[in-house]
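Protein chains in written order, with the numbering used here: chain A, 1 to 284; chain B, 1001 to 1330.
Just to be clear, a hint being listed does not mean it is correct.
As the list claims (entries may be wrong) - For the chain A half of the interface with chain B, some residues (derived, Cβ under 7 Å), not all of them:
#1 75
#2 81
#3 87
#4 91
#5 101
#6 104
#7 108
#8 139
#9 141
It is worth saying that the hints were derived from the structure and are not from the lab.
In this text, all values refer to a predicted model and were calculated from it rather than measured experimentally.
Just so you know, even glycine gets a beta-carbon here, dropped at the ideal spot from N, CA and C.
Read off the chains here:
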Amino acid sequence: MHSYLQLSDVSIDFPTPKGPYRALDKVNLNIARGEFVSLIGHSGCGKSTVLNIVAGLHQATTGGVLLQDKEVNAPGPERAVVFQNHSLLPWLTAYENVELAVKQVFKGKKSRAEMRDWIVHNLELVHMTHALDKRPDEISGGMKQRVGIARALAMEPKVLLMDEPFGALDALTRAHLQDSLMEIHADLGNTVIMITHDVDEAVLLSDRIVMMTNGPAATIGEILSIDLERPRKRVELSGDARYNHFRHEVLAFLYERQRKVEDINVATRKRPAGQAEARAAAAA
Amino acid sequence: MKIATISSIGQNPGRLLPTPDQIMQLGRGLLLPLAGILVFLFLWYNAAMMINTSLGKFPGPVQVWEQSGGLLAEHRAERQRQTAFIERQEVRNAEILAADPQAQVTIRPYTGKPTFIDQIGTSLFTVLSGFVLASLIAIPLGILIGLNESAYAAVNPLIQLFKPVSPLAWLPLVTMVVSAVYVSDDPAFSKSFLTSMFTVLLCCLWPTVINTAVGVANVSKDLLNVSQVLRLNALTHVFKIIVPAGLPLMFTGLRLSLGIAWMVLIAAEMLAQNPGLGKFVWDEFQNGSSNSLGRIMVAVLVIGLIGFMLDRSMLLLQRGVSWDKNATLR
Ligand SMILES: Nc1ncnc2c1ncn2[C@@H]1O[C@H](COP(=O)(O)OP(=O)(O)OP(=O)(O)O)[C@@H](O)[C@H]1O
Ligand SMILES: [Mg+2]
């Protein structure tokens, strides 16, 4: 029996002016149904690339992804993505943004009234029913992110992919949304892959934390199982020795074993190699 | 600007005198433009006194004002003649019918010469027809080449080639083609109208095509990813994602196109003899009476004013349909 979601020997080369750039090398990961997995690693190591390959937005150069034993080779709503910068359509209201997804996924399966209820229900899950008719530029960053999550949940995805969903938010809003996400995950039992930079977030939310080595040719360094019982309460856990042990493990991986040597390059690393070079040349 | 001024005064009901800040705002919104116009009138007045042409002195503001009154009066007189003509005809026909109910009555249209106001109407109709037709071609074409790089590569050289062509160069070709192709015993449109309209169309296509293409090609990668994850079909993709995202630039293009259309139209009408403002200017020039220059100057100002109003209408339309209410619209 194979696991629910399977990444086997996933490698990817990006074409650059200086020849192919191997961003990922032989990533192997098996994820069970209903599992919550975090990807953590330094900036530019290839977390988004992994997520995009699972989403189908990038194609692995070698190796591949199986979801329920079916190969993933194109994007689709059964692998919904919550993008880092919400990616709501600015000309649609919160309701309409979710509606676009619901209409697409449940065309012919739900009646109009059922769709309406389903849209409102999903916006309720993220506590956004008070702003159904607001457009993205009329609501705060946290609210946008919540609508983005509602849109993804409304697709009833087999796998929910989240690329730093709370990265751009202040600490309070972030904590609030993390709690919402834990509730939703407990209720719906989604399979989730979430990218994060935040060690506490990773430990609090995940069943397993996948720690990636630095690129180029990044791969999975270590996997940490977080066997803290759920529901988890952040305040109680902050005094829990096991919690602090997991935190310590992740920090030790990131800052001792995978220490970034060329820290100054962090800013330029985010860009495709060609651009980074151009900047370096301009600076010289 | 003006709206801001009024509302900010409204927020200050307890005080009789506006605050210095409000005076500044009032100045910038109302007084400065007024001052600009006054200075212009003064310079115009003095310059006009010094220019002597074969048709007399160059018209100053006063003469132009008089001429505009004259043109309006002519228009009213012409309208009266028309109603009188129609009444006479109706009376005559009624008499004929009363004498013999089987009689065939002829209803002849009034054939007076078009007044200045009529000519404004013709010009507006011509320019809007050309512009709307051009937009119906340019927007889909822009979307196509914005979405498809091969199509862009194929079409771009042609755009670059035809974009700088002056309307005057197109006109003879358009005239000949219209004469050759549009042969009908009972033409719905006059040939001069079609010639002017197609010339306008050819010249005002390009800004809309180019801006639409750029707007469409630069839709953010994130939104395209959303579309892919949702597996939107091509049609939904275009209408739900591409068109709304490209709308602001599309409107920039449309406004540029309308501006060009209006400029081109006047030139085209002069040469094609379409009964519009361009022909009015040309006829006055040929006419060469002592009033001609004044009347031409009235036409110049009216042309400017209409161009301005056309642009404002596009702006209002853009405000109406655009989702991006925060975008500064100028
Ligand atoms: N389309 C592309 N073309 C070329 N190189 C790319 C492309 N996309 C990503 N890369 C490179 O692949 C590497 C991994 O990028 P990726 O975006 O996955 O990093 P990340 O871990 O998500 O970083 P961050 O945490 O900053 O978001 C980077 O070095 C990046 O420059
Ligand atoms: Mg990333």
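Evaluation of the provided hints:
1. At its closest, the beta carbon of residue 75(A) sits 4 Å from a beta carbon of chain B; the interface hint therefore holds under the 7 Å criterion.
2. For the restraint placing residue 81(A) at the interface with chain B, the shortest Cβ-Cβ distance is roughly 5 Å, inside the 7 Å limit, so the hint holds.
3. The interface hint given for residue 87(A) is met, as the beta carbon of that residue sits about 4 Å from the closest beta carbon of chain B, less than 7 Å.
4. Of the supplied interface hints, the one on residue 91(A) holds, with its beta-carbon coming within about 3 Å of a beta-carbon of chain B, less than 7 Å.
5. For residue 101(A), the shortest C-beta to C-beta distance to chain B is roughly 6 Å, which falls under 7 Å, so the interface hint holds.
6. At a threshold of 7 Å, the smallest CB-CB gap from residue 104(A) to chain B is about 5 Å, leaving the interface hint in force.
7. Because the beta carbon of residue 108(A) sits about 14 Å from the nearest beta carbon in chain B, more than 7 Å, this interface hint is broken.
8. Given hint, residue 139(A) at the interface with chain B, is violated; its Cβ is 14 Å from that chain's nearest Cβ, farther than 7 Å.
9. The closest approach between the C-beta of residue 141(A) and any C-beta of chain B is roughly 15 Å, which is over the 7 Å cut-off, so the hint fails.
Checked against the numbered hints given earlier, the structure breaks hints 7, 8, 9 and satisfies all the rest.
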